[in-house]
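Those protein sequence lines, which keep their order, are chains X and E.
Mind the numbering: the first sequence is residues 1 to 750 in our numbering, read in order.
Mind the numbering: the second sequence is residues 1001 to 1079 in our numbering, read in order.
Keep in mind that the hints were calculated from the coordinates and are not lab data.
Here the structure is a predicted model, which means the values were calculated and not measured.
Where hints are given, some of them may not hold.
Unchecked claim - For lysine to aspartate or glutamate, the following EDC-like pairs were computed, each having C-alpha atoms within a straight-line distance of at most 16 Å: (1) E:Lys1059 to X:Glu328; (2) X:Lys320 to X:Glu99; (3) X:Lys274 to X:Glu290; (4) X:Lys203 to X:Glu241; (5) X:Lys320 to X:Asp210; (6) X:Lys320 to X:Asp182; (7) X:Lys719 to X:Glu591; (8) X:Lys272 to X:Glu283; (9) E:Lys1059 to X:Asp278; (10) E:Lys1059 to X:Glu313; (11) E:Lys1059 to E:Asp1007; (12) E:Lys1013 to X:Glu148.
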Amino acid sequence: MEESRDIDLVVAVAGSPNVGKSTLLNRLVGALSHVGNWPGKTVDIIAGVVEYKGYRIQIVDLPGTYGLSGVTEEEDITRKYLLGEYGERVHKHRRAICESCPFHRTCFFSQLCLVRLFSDFLHRKKEIYQRIYTPDVVLIIVDATVLEKTLYLAISILELTPNAVIALNKIDELEERGMSIDTQALSKRLGVPVIPISALKGKNIDKLLDAILSVWRRRISARRTLRINYGILEHYIQRIESLVRKAKLPPNYPRRWVAIRLLEGDHELFSKIKSLYDGVSSEIETVVSEVRKELGDDVSAVIARIRYNYIAEITRDIIKKKVERVPELSLIDRVFTHPLIGPIASILLLFVIFLAVFSINLGFPLNIALESLGMSSLAELLEEYSLVSLVDYLVSLGIDYIRALIEPYSVTLASFIADGVLGGFGLIMTFFPLIILVLFLISLLEDSGLAARITVAIDLLFSKFGLTGRAVFPLMLSMGCNVPGIMSTRTVMGKGERLGLILASPFIICQARLIVLIAIITIAFTSPIQQTVAFLSIFFISILLYLIMATIFARIFREEGEVRALVMDIPPVRRPSIRVAWWNAWIMGKEFIKKAGTIIVMLSMLVWFLLSYGPNGYTVDPDETYGAIIGKILAPIARLWGISDVNVAWKIVFALIYGFIAKEGLLVAIAQLSSKGVSFEEAWLSFGLTPIQSFAILLFFMTYVPCMATVITIRYETKSWRLTLLSIVILLITATILSTITYHILAIIF
Amino acid sequence: MGPNRRDLGSLPKGTRARIINVIGGWGVRQRLYEMGIYPGAEIVVIENRGIGPVIVSIKGGQIAIGRGMARRIIVEVVS
Chain X
1 MEESRDIDLV VAVAGSPNVG KSTLLNRLVG ALSHVGNWPG KTVDIIAGVV
51 EYKGYRIQIV DLPGTYGLSG VTEEEDITRK YLLGEYGERV HKHRRAICES
101 CPFHRTCFFS QLCLVRLFSD FLHRKKEIYQ RIYTPDVVLI IVDATVLEKT
151 LYLAISILEL TPNAVIALNK IDELEERGMS IDTQALSKRL GVPVIPISAL
201 KGKNIDKLLD AILSVWRRRI SARRTLRINY GILEHYIQRI ESLVRKAKLP
251 PNYPRRWVAI RLLEGDHELF SKIKSLYDGV SSEIETVVSE VRKELGDDVS
301 AVIARIRYNY IAEITRDIIK KKVERVPELS LIDRVFTHPL IGPIASILLL
351 FVIFLAVFSI NLGFPLNIAL ESLGMSSLAE LLEEYSLVSL VDYLVSLGID
401 YIRALIEPYS VTLASFIADG VLGGFGLIMT FFPLIILVLF LISLLEDSGL
451 AARITVAIDL LFSKFGLTGR AVFPLMLSMG CNVPGIMSTR TVMGKGERLG
501 LILASPFIIC QARLIVLIAI ITIAFTSPIQ QTVAFLSIFF ISILLYLIMA
551 TIFARIFREE GEVRALVMDI PPVRRPSIRV AWWNAWIMGK EFIKKAGTII
601 VMLSMLVWFL LSYGPNGYTV DPDETYGAII GKILAPIARL WGISDVNVAW
651 KIVFALIYGF IAKEGLLVAI AQLSSKGVSF EEAWLSFGLT PIQSFAILLF
701 FMTYVPCMAT VITIRYETKS WRLTLLSIVI LLITATILST ITYHILAIIF
Chain E
1001 MGPNRRDLGS LPKGTRARII NVIGGWGVRQ RLYEMGIYPG AEIVVIENRG
1051 IGPVIVSIKG GQIAIGRGMA RRIIVEVVS
């Protein structure tokens, strides 16, 4: 693998949102990949290697942050990493295996490699922290067009470490406005190199790397961190500094920085000191309360103000030809901020994107529209040539070929390989184009600044629920497929809101469930009015559940620094970089498929076993399988909907288990369970259910459990099996209660 | 509140104001200060339609502030 050769230096890249961090990373490194998770966090560690002048430089992408208070997950990670709290987890055995493998250069599915999986199992207790380091150099990106605002993070980092380089990005945009910045003066004042660059145009990237190397070479010589004069606070800072000295913090914690943080009221740092040396904690508290008496309760506001004043001071005379423009909204902004046109334009825009993505991928929903217009042949054509059908077609060709190859030797093995292993693999492959395309379009929306405007325009509709306008992205996308819907929550700023939206997304009816919904409703209800009412009520119940669940869980998981309302930078509207958007989508999509792939294939193997093995071994009769046995054990569940006939009940439960692989699988399962050659409609009618029972079962089916791919996505995005399990349990409980109550109420009324 | 003191949510478009106080928990305040919304900062209201987020200009950048938060930002109008 690529990481096998030793790395000469590690560069951490920090920057606030919208400063062009991913554009620069795209310039610097060809490929970034996931190298692990930050311990206990939902954020990935993304890193890549760049070779420059004979040095191998590892570039570590830190999450976008505004400061280092540590009040949000992103800030906590950035801060801990800069302080050297995280080590790198290296799987030595994996390297050895991959290096000796002839395919390791071209290997794409190393996560699925059986040799590696086996070796992981053998080495599961020997995971070692090989190197623990602070980054050699921190690369801080600031936006030249909003210099004062983005320098805040820069000086926060410079107070922590002097081994830094500042990239002054978007210098071309600034020059276009007829302005310039005296970078040398800025560099002198901050004590670190300041390199004007344009990440978009690739300007001065070499100079940036040269500066990084020069900082790295002289990092050993004693250099001081940035010293801002805090005026009236200086006296207190020095008193706390001398107290902190007694606590014997690790050397990577600069004492002055710690003292300032303590004055700002950082309780995490305070309890760390307390645990190291309790003797000083009460003295520190005394000093802090003295400051409060003098300056008022909010010392952190005073400190923030001093920092911004410092920034204003050092930038005052270095920005040339600064024209004080009266800020005004552009035409696009006037449209999006209009209380009526804004939300309509946003929803239309999202709808068009939604339509395009899902029509290319699935044919849906354009095929239904075409069909209702009487162009059923065109609808069929669209469906046939959708990406998913094409991938499906290719995959099933491959599966059938392999099945035919193995079948003469062993029917069981052929079924196992074809249905169990490759079936799961095929499922992943049909998701891949969908995920990449959605991530690509979301990236374009973000990069162009339109996502921010949509968020603002829609915010009004969600703010009543304690959510922000960001909730619209998972809501819309989940209607096509829950997987990209959940992935789109990555752009949500707060951890609480993000987890809330992730856990709520499976309540949205995706197109697979829509197919089942339409199929059963048209069979169970005869009058078009009843059909419409049944359909719409289930549809709106799902959206209502999404909003309720998102609200509840956003509240439960809210972080300390999470603002309950929208507070978001609005970047200027610009032409998005297709290259960067594609690159982002590719990295995220590839990583997801790698991680999810392993688990999906394993689950697919398990489900295959349950549905084709029974007490008497391999069988093609579903009635004889373990799945049927489980179905029969769980059959009493169907009593909730007044179904007491065990022969019907177990089939429904069995089909529900089947629906876990993919929701539309329910239709296949029910047809299969009945005698051969029976259509789904006939099979369903043979159950002899009342419309109310059908309706209750549908209600249950819509939310009972996310499909396999969604479960894996939840795990991947939350980095937690516990939250994944919580999601399933909540869905199950909601589905059970909702369907039972509805059944009994409707049964009384009608 | 003094004669000139109002909350950000009530300021009409085009008003220039200085932030006096941000009401909220420690974490929320830290977050806003880092984004440039701190006591002492000068802002200009770019858009405020009475419903939905307020859009302000701070240090050359534009920030949307949800109404719920905007009501907790106390400002002083500067002429």
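* Violating hint indices (sorted, rising) -> 2, 3, 4, 5, 9, 11, 12
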